[in-house]
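All you need for our numbering is the position in the sequence shown, starting with 1, plus 785.
Think of the hints as simulated: they come from the structure by calculation, not from any bench. Misleading hints may appear alongside valid ones.
Distance ranges between label pairs, derived from CB positions [as the list claims (entries may be wrong)]: (1) Met-786 with Ile-881: 39 to 45 Å; (2) Lys-801 with Gly-876: 32 to 38 Å; (3) Asn-842 with Gly-878: 41 to 47 Å; (4) Tyr-870 with Ser-798: 35 to 41 Å; (5) Ala-822 with Ala-879: 35 to 41 Å; (6) Arg-880 with Arg-793: 20 to 26 Å.
Beta carbons are placed, not taken as given, at the ideal position from N, Cα and C, and that holds for glycine.
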Amino acid sequence: MEVSARLRYARISTRKTRLAADMIRGRHVEEAANALAFTPRRAAQLMGKVLNSAIANAQTNFGADIDELYVSKVLVDEAKPYRRYRARARGRGARILKPQTHISLTVSDQRGSGWDNEEDES
Numbered sequence: 786m787e788v789s790a791r792l793r794y795a796r797i798s799t800r801k802t803r804l805a806a807d808m809i810r811g812r813h814v815e816e817a818a819n820a821l822a823f824t825p826r827r828a829a830q831l832m833g834k835v836l837n838s839a840i841a842n843a844q845t846n847f848g849a850d851i852d853e854l855y856v857s858k859v860l861v862d863e864a865k866p867y868r869r870y871r872a873r874a875r876g877r878g879a880r881i882l883k884p885q886t887h888i889s890l891t892v893s894d895q896r897g898s899g900w901d902n903e904e905d906e907s
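Given only the sequences and the hints, what does the whole structure look like? Please build it.
Below, the structure is given as structure tokens:
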């Protein structure tokens, strides 16, 4: 069983968000939530909200037990940049591109990539 949650057009750069994504990929959901809660980054706060949403989706839609859920996939993709214009000389405008990000997180009852599954294979 795989359950996912998405956050689209988050106003944060993709590079900053991938740091938080790499931190939780393949971990148990409680361990991932604790790691994000104690990380002083805005990306970690956004990732925590998406993780909580995925956990709630799994419990509500499938009656999943939280003790058996793992973060199986975390995708951080670049979205269309938010455009602003700044006034410049001679009536011109300079374009300012502000980055946006799509976050997709999938939780599963089986461990995803990112774990060393030596214990499980024996």
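Cross-check of the supplied hints:
1. A hinted range of 39 to 45 Å holds for the C-beta pair Met-786 and Ile-881, which are about 44 Å apart.
2. Between Lys-801 and Gly-876 the beta carbon distance is about 35 Å. The supplied range of 32 to 38 Å therefore holds.
3. In this structure, Asn-842 and Gly-878 meet the distance hint of 41 to 47 Å, their C-beta atoms being roughly 43 Å apart.
4. For the pair Tyr-870 and Ser-798, the supplied restraint of 35 to 41 Å is violated, since their beta-carbon distance comes to about 20 Å.
5. In this structure the supplied range 35 to 41 Å holds for Ala-822 paired with Ala-879, their Cβ-Cβ distance being about 39 Å.
6. Remark: the range hint 20 to 26 Å for Arg-880 to Arg-793 is upheld by a beta-carbon distance near 23 Å.
Hint compliance for this structure: hint 4 is the single one not met.
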